[in-house]
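Residue numbers (the working numbering), protein chains in the order written: chain R, 107 to 689; chain L, 107 to 689.
Hint data in this document are derived by calculation from the structure and do not stem from the laboratory.
The reader is advised that the hints may include incorrect statements.
One copy or two, it doesn't matter: identical chains are merged, so the pair holds either way.
As a list, the in silico DSBU-like pairs of lysine-lysine whose alpha-carbon atoms are at most 30 Å apart [claimed, not checked]:
1) Lys256 - Lys496
2) Lys666 - Lys412
3) Lys220 - Lys484
4) Lys484 - Lys496
5) Lys222 - Lys255
6) Lys666 - Lys230
Listed below are the residues making up each chain.
Number of protein chains: 2
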Amino acid sequence: MARKILRINMGALSFAYEEVPGKWAKWGGRGLTSVIVADEVDPTCHPLGPNNKLVIAPGWVSGAPAAPSSGRTSFGGKSPLTGGIKESNSGGISAQKIAKLGLAAIIIEGVPEKGKWYTLAITKDGVSFDSADDILGKGMYEVDEILWKKFSNEPAVIGIGQAGEKKLSNAGISVNDPENKPGRYAGRGGLGAVMGARGIKAIVVDDTDGPGVEVANMDLFKTGRKKLTDAIMSHDLTKPGGGLNLYGTNVLMNIINEAGGLPTRNFSAGQFEGASLISGEMVAEMVEKRGGGMTGHGCHAGCIIKCSNIYPDEKGDALVSCVEYETAWALGANCGIDDLDYVAQMTYQCNDLGLDSIEAGNTIAIAMEGGALEFGDKVGALGLFDEIRKMSPLGRILGQGVEATAKAYGVHRVPTVKGQSMPAYEPRAIKGIGVTYATTPMGADHTAGYTIAPEIAGVSGKVDPLTDEGKAALSLTFQAATAFIDSTGYCLFIAFPILDIETGFAGMVESVAGVMGLEADGIDAIEMGKEILKVERNFNKQAGFTSADDRLPEFMRYEKLPPHDVVWTMPDEDLDEVFAWMD
Amino acid sequence: MARKILRINMGALSFAYEEVPGKWAKWGGRGLTSVIVADEVDPTCHPLGPNNKLVIAPGWVSGAPAAPSSGRTSFGGKSPLTGGIKESNSGGISAQKIAKLGLAAIIIEGVPEKGKWYTLAITKDGVSFDSADDILGKGMYEVDEILWKKFSNEPAVIGIGQAGEKKLSNAGISVNDPENKPGRYAGRGGLGAVMGARGIKAIVVDDTDGPGVEVANMDLFKTGRKKLTDAIMSHDLTKPGGGLNLYGTNVLMNIINEAGGLPTRNFSAGQFEGASLISGEMVAEMVEKRGGGMTGHGCHAGCIIKCSNIYPDEKGDALVSCVEYETAWALGANCGIDDLDYVAQMTYQCNDLGLDSIEAGNTIAIAMEGGALEFGDKVGALGLFDEIRKMSPLGRILGQGVEATAKAYGVHRVPTVKGQSMPAYEPRAIKGIGVTYATTPMGADHTAGYTIAPEIAGVSGKVDPLTDEGKAALSLTFQAATAFIDSTGYCLFIAFPILDIETGFAGMVESVAGVMGLEADGIDAIEMGKEILKVERNFNKQAGFTSADDRLPEFMRYEKLPPHDVVWTMPDEDLDEVFAWMD
Chain R
107 MARKILRINM
117 GALSFAYEEV
127 PGKWAKWGGR
137 GLTSVIVADE
147 VDPTCHPLGP
157 NNKLVIAPGW
167 VSGAPAAPSS
177 GRTSFGGKSP
187 LTGGIKESNS
197 GGISAQKIAK
207 LGLAAIIIEG
217 VPEKGKWYTL
227 AITKDGVSFD
237 SADDILGKGM
247 YEVDEILWKK
257 FSNEPAVIGI
267 GQAGEKKLSN
277 AGISVNDPEN
287 KPGRYAGRGG
297 LGAVMGARGI
307 KAIVVDDTDG
317 PGVEVANMDL
327 FKTGRKKLTD
337 AIMSHDLTKP
347 GGGLNLYGTN
357 VLMNIINEAG
367 GLPTRNFSAG
377 QFEGASLISG
387 EMVAEMVEKR
397 GGGMTGHGCH
407 AGCIIKCSNI
417 YPDEKGDALV
427 SCVEYETAWA
437 LGANCGIDDL
447 DYVAQMTYQC
457 NDLGLDSIEA
467 GNTIAIAMEG
477 GALEFGDKVG
487 ALGLFDEIRK
497 MSPLGRILGQ
507 GVEATAKAYG
517 VHRVPTVKGQ
527 SMPAYEPRAI
537 KGIGVTYATT
547 PMGADHTAGY
557 TIAPEIAGVS
567 GKVDPLTDEG
577 KAALSLTFQA
587 ATAFIDSTGY
597 CLFIAFPILD
607 IETGFAGMVE
617 SVAGVMGLEA
627 DGIDAIEMGK
637 EILKVERNFN
647 KQAGFTSADD
657 RLPEFMRYEK
667 LPPHDVVWTM
677 PDEDLDEVFA
687 WMD
Chain L
107 MARKILRINM
117 GALSFAYEEV
127 PGKWAKWGGR
137 GLTSVIVADE
147 VDPTCHPLGP
157 NNKLVIAPGW
167 VSGAPAAPSS
177 GRTSFGGKSP
187 LTGGIKESNS
197 GGISAQKIAK
207 LGLAAIIIEG
217 VPEKGKWYTL
227 AITKDGVSFD
237 SADDILGKGM
247 YEVDEILWKK
257 FSNEPAVIGI
267 GQAGEKKLSN
277 AGISVNDPEN
287 KPGRYAGRGG
297 LGAVMGARGI
307 KAIVVDDTDG
317 PGVEVANMDL
327 FKTGRKKLTD
337 AIMSHDLTKP
347 GGGLNLYGTN
357 VLMNIINEAG
367 GLPTRNFSAG
377 QFEGASLISG
387 EMVAEMVEKR
397 GGGMTGHGCH
407 AGCIIKCSNI
417 YPDEKGDALV
427 SCVEYETAWA
437 LGANCGIDDL
447 DYVAQMTYQC
457 NDLGLDSIEA
467 GNTIAIAMEG
477 GALEFGDKVG
487 ALGLFDEIRK
497 MSPLGRILGQ
507 GVEATAKAYG
517 VHRVPTVKGQ
527 SMPAYEPRAI
537 KGIGVTYATT
547 PMGADHTAGY
557 TIAPEIAGVS
567 GKVDPLTDEG
577 KAALSLTFQA
587 ATAFIDSTGY
597 CLFIAFPILD
607 IETGFAGMVE
617 SVAGVMGLEA
627 DGIDAIEMGK
637 EILKVERNFN
647 KQAGFTSADD
657 RLPEFMRYEK
667 LPPHDVVWTM
677 PDEDLDEVFA
687 WMD
């Protein structure tokens, strides 16, 4: 059975299955959400108005038999945070279930009667529109629990917290993990507000008796799957007992700190004296010492990397999954906070309220810079989440993220690009990632073109993080490869093995070709990635973006970053070169 | 003595007089602030960062002997509200004093030590930098009073309220009037925050023993002055006992309401049932009945139009100057409030806190739309100003204006262009003003190209407000003429007589030529206006503005406005045509 589009109209409370039109047929995941958004959403529409849409798509291989680490669900729409196109993908258990229902994508459009809220339940029989009154105003931990009781078969739950209900720009979309916890997020860009603007509190996906994922060429798929699996299982970063498995992404805390690229106290320094106290090694130590937690946790069935963790509280009870690098950095180093227990509690709050933790940590740092509290004030920082929970005016400011908070407090040191705040890598000290921040259509985003791989981790060669040279080309290659990987459904962490191990890359392509019924040598991953980037950049151009939006914030051009005492020196011409091939 | 530039550096707390460079020599007022900003401010700088500048310039004729109604001071910089170039001009007593000190412009750059605040006192001897500790945190009514006690000769006081101190995007710059009240504002675009970011709470200007304004050709000046004065004194709208003199700008309330173009309850209707209760006629009635107030008030020496008023409270004491049309509309009709006493009290709050009243009224309407209070809740609306005074988080939201408030409350019906909210004319019902809102480099602004003159008032002909046709060309002509008038120092209200009376126009040009030492026929007002617009549009282009920024908000394209039940139908091509001559 060919994949279908499920189109849901929230105005009419109706749904329909549609054939996948030819122009969309070759896409999955990010590629598919982006082409649909570009085709169907007016780039000049208001992101929270009736004419934006929320598009959900699993990747090509998600749900295919034993595809390794392939649980990514892409969410797309016009972003309330950046004003541009947005794709944000999440782990958790939704991708495989959507795919196994035979769906290439779900398109949600229209708005219901004002004040009405719905839980959508998607099964093989279609969509039901239930009142969400029982879960409205509740945090995602409770929502997930209620919905697993209400619906059978341990469904995927895609939901928004209070932030999304109030349509705040830092609202993410939560996906539950195998333990039915809401720690997996399509966090960036405020798509939770886009979902809230459609009157949807949660979407339950039950794939029971669904048709499953059609694999057009099972032999080719299996060949590719094996090569990719072997590569993942043998690479130092992704193998069992490797860096990611032992310490999670937070293995980076000490490494990036050592490199002088750990943004500290609202991007005012590149090293944090308390880095080791919030590192992955410390997470592992806490899990070991306290019990009740876990390292090497997987966020969905079939993950063989297992970079997640469950962080335990002082009493040895599971507190939150997961304390990863970005989260520990944003809520830790960047706020001058060196206490993992507070970082973990704030992470829980982000997961519950439905906030992107990167933006949330940056927001607290801005509030600190603006004088609302002191850097390092962990008690005060944790208390800010109560304001969001109460939806006090302060909560409404903070819930919108960095730019809104900076404006409210008159702060001009604002580490954003296209309205979205930077993740855990200082672009003044690691230049390539700065090029990615500046030029990706997504706004400042490390996952959009992770040049950290060669600049810091020595994956696919080693390049000097402090030099400007060659970084434009490097970033483009990574952005294109990423756009492709984001379309596969595979976790981006397969990038490490496939960039270092040639057969791994070939295997990835073959597995995709196998599912889609294409010839493996007919897939040029970089070219397809560039095609996606072009669609996204064109949407942004129509939305009003120019080269002026492809720049890092002004203060990084004149403020030296210790310890290297470097400023951002990348010539504008280099930044403009990244996408010059489009013109 | 030739005009000089006074350059003030707030980092060094130093100042210097400079010759006016040749490239700036022909400009005054808006023309001068805009060319200086374009030449000296990086369009990509952060508006509140160290590299923005505040430029102040009187018009060409301000301070010249008996130049009628010529008290405008232009303020320029990069706007924190729009992110583009901004010129906002004010009445009050500053223009003539600056001009009589022989200054073409004051350029303020640099930032002082963090936490330091200054009062600058400008006299013929230069600039003194006094601590502003005695006025910090105070509202403008008290500031003006303190500074007239502290400094001799009843100086001009240019100051910011609490909003500017906190660098909020709706902070305006206040200029005192002849009674030393702070009701005159360079309100739009947040330039008060730019002044605050330079650590300046107030600028006192004392022109005692200054050199005065050099008039190069006194005969020509006098000839022009007489023609212009005669035109003003004979036109129905501007003559003594004419519409503006009797009822002020608020003579428009009933007229625009009648035309179905009075934005009501956050731009959801074009007529307000309570319009007559907040009209200019009602202001006059209150003044008549209560005493203690005044109509036909002038905002600076030498005004012969005198459109201002002093509104009295119930006890017959002067409450506030002035309740004008925009203010009465923004804080009245647009909030569903039909009580002039509340409108007047809110106007006082705007003047005291240092807020643009147009943006403030729109902001309250957005808070109402977002559910923070009900439309028509005058007590609640007035109470919101306490929040700004306390600088509570809610106050910080509201003090930033419409877009910030809309985001905080998840509102998508947002009547802004380039981040600045619309004034008191509904573009769906009066199409030409919509073209001005959309395309002026200033963000939604009626004064930038007041097509209301022909569309409603029958000045310079009469055109149908409801037709799209010809409005692009009409708006451009008005925008160009306005840019010229904004450079003269004359009040924009001279536009009515000079557009209808040919000798009035010639007189204006001759008076300018007389001051500047030019031939009258060497001045092409429209061409010079276009030159200014070009400088401004180019700045914005470099700041990242595109044609997507020259559009009205999406909801006006799909939401019908009663009573005419019209949507915004102007073709994008027409909007792009307005400035097509630049390319």
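A quick look at each hint next to the structure:
no. : hint            : verdict
1   : Lys256 - Lys496 : within (27 Å within a copy, 47 Å between copies)
2   : Lys666 - Lys412 : neither (38 Å within a copy, 54 Å between copies)
3   : Lys220 - Lys484 : between (39 Å within a copy, 25 Å between copies)
4   : Lys484 - Lys496 : both (19 Å within a copy, 26 Å between copies)
5   : Lys222 - Lys255 : within (22 Å within a copy, 59 Å between copies)
6   : Lys666 - Lys230 : neither (57 Å within a copy, 40 Å between copies)
In summary, the structure is inconsistent with hints 2, 6 from the numbered list given earlier, while agreeing with the others.
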